[in-house]
Amino acid sequence: MKDIINIKDIENIKRLESEYDLEKASLLERKLRLMIRENPDLKSIRKKLRELIVDYEDREWSQLDKISDLQIETSSIAEELINQEQMFVQKRKDAIRKKLKEFDMTQQELGVLLGHSKSYMSELINGVSRFSLKDLVIIHKMLGISLKILIPTFLQSETKNQVIESISRLNKPKLKKRQKVLLTR
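The numbering of the sequence shown is the working numbering, which starts it at 83 and goes up by one.
Derived from the structure by calculation, the hints contain no laboratory data.
Heads up, the beta-carbon is just placed ideally off N, CA and C, and yes, glycines get one too.
Treat the hints with caution; some may be incorrect.
In silico lysine-lysine, DSS-like type, Cα no more than 25 Å apart, as pairs [claimed, not checked]:
no., residue 1, residue 2
1, Lys175, Lys223
2, Lys216, Lys175
3, Lys242, Lys258
4, Lys258, Lys183
5, Lys148, Lys129
6, Lys90, Lys200
7, Lys230, Lys254
Label pairs and their calculated CB-CB ranges [claimed, not checked]:
no., residue 1, residue 2, range
8, Lys90, Lys216, 13 to 23 Å
9, Asn253, Pro122, 51 to 61 Å
10, Glu99, Glu162, 13 to 23 Å
11, Lys125, Ser150, 33 to 43 Å
12, Lys125, Gln168, 14 to 24 Å
13, Asp186, Lys216, 30 to 40 Å
14, Lys216, Lys175, 15 to 25 Å
15, Val219, Lys90, 20 to 30 Å
16, Leu215, Gln153, 52 to 62 Å
17, Asn253, Glu120, 49 to 59 Å
18, Ile249, Glu191, 36 to 46 Å
My request is simple: use the sequences and hints to build the entire structure.
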């Protein structure tokens, strides 16, 4: 599952391809369950996520005798990555809410500042959709929140693998030495 910029991108996903995708889809499905009260339009997206999850689990986990130790380990790693991403989103959410309180602002008023609807602001704050770089720069400048708190500096495993492959093809020794930084959070 490629990076989801906007939750509506899920409608274009044909199938989940990895344990990371499964964990990400499961997390988003749980978040949407809570957000549907505020925005009923998200029901169809949640339904699509549930279908993708069931399809993946049927393909990859239904035959108990074929589940390998590697598959279980990969699942655990994916779960940990999602947990780390969630901790980042929660820390950013807390920082934004704290600053909004200091400025006597609501999340909806921040939406006005950024040019977003109330429901889309909820998606952004909760990490369901991704803030644009422009949004984060405005939040940084207007609310005085550090960019380190606002901008994630970790890469998804798919992206890390692509960069590592590219480093290998480029065959640049100095770059190869820096490859280790990709493996850290």
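Against the structure, test the hints numbered earlier, and report the numbers of the ones violated in rising order.
-> 4, 5, 7, 13 and 16
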